[in-house]
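Build out the structure end to end from the sequences listed, making use of the hints.
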Amino acid sequence: MKTLTSLFRPAVLLAALPAVLAFSACSNDDDNTTPTPDQGKVLVVHAAPNANVKVSVLADDKAVKDLVYGENTGYQTLTAGSRVFKVNVAGTTTTVVNSTQNVAKDKSYTLFAYSPSNQANSIGPLWVEDDLTAPAAGKAKIRVVHIGLGAASPVSLYRTETSGTASLLIPNVSFGNASAFTEIDAATSNFYLANSSNVPVLLINSKSIAAGKIYTLLVRGSSTGLTTDLQVKTEFIENN
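Mapping of the sequence shown onto mature numbering (1 follows the signal peptide of the UniProt record, and there is no 0): residues -24 to -1, 1 to 216, in sequence order.
No lab work stands behind these hints, which were simulated from the structure alone.
Keep in mind that a hint or two might mislead.
[Claimed, not checked] Here are the computed lysine-lysine pairs in the DSSO-like style, where the Cα-Cα straight-line distance is at most 27 Å:
hint, residue 1, residue 2
1, Lys38, Lys17
2, Lys189, Lys115
3, Lys209, Lys189
Small disclaimer: the values here were computed from a predicted structure and weren't measured.
Shown next, in the form of structure tokens:
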């Protein structure tokens, strides 16, 4: 003899089946979540005085940003691996820089598009890895990148102390090269870049250096620049 309970049991099981299937589907969706790919960062700087035109930066043929001379893209997050960077004359398919870089997981890089020679329209790539490890408390980090065409080479970075003496911070950075980052005190200071005879060639007055910040001191321009902005000068890029 079938009891009322036994008659209801199949109906209860059938009613519960959609919920079980839905839970199973949700569980499968969770299991199939696409993991975030490994990523790195790249910053591109237009610092080619002999190619003083507006350019378009592309990463793997995808538009990043248009730049005029002296501008940069800011850090762009990209999937780790071999990435192809192009710098095109803006509004055209004319490629003036074509450079491949292996972007490693959690690493940061700067691509400087600069003029390696006095030739008209000279432009080429300089890749530098960026160590963005935070400085110690009360400190900042600074490096020198020298792409000033026709400027003194090498140059050394000094800080003028309140006593009137000069402290050597970064020695002998030659054209087309970058120094490593070095830690310095956070303060407002006067700096200068000196040539190989220790004669100051570029002065940097009353520069505020903030604790925790990371700076690139860029030497850019050309000794034959026709305008003030194209002449050799220094520029600070904040890397964080």
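When the hints from earlier in the document are held up against this structure, which numbers fail? none
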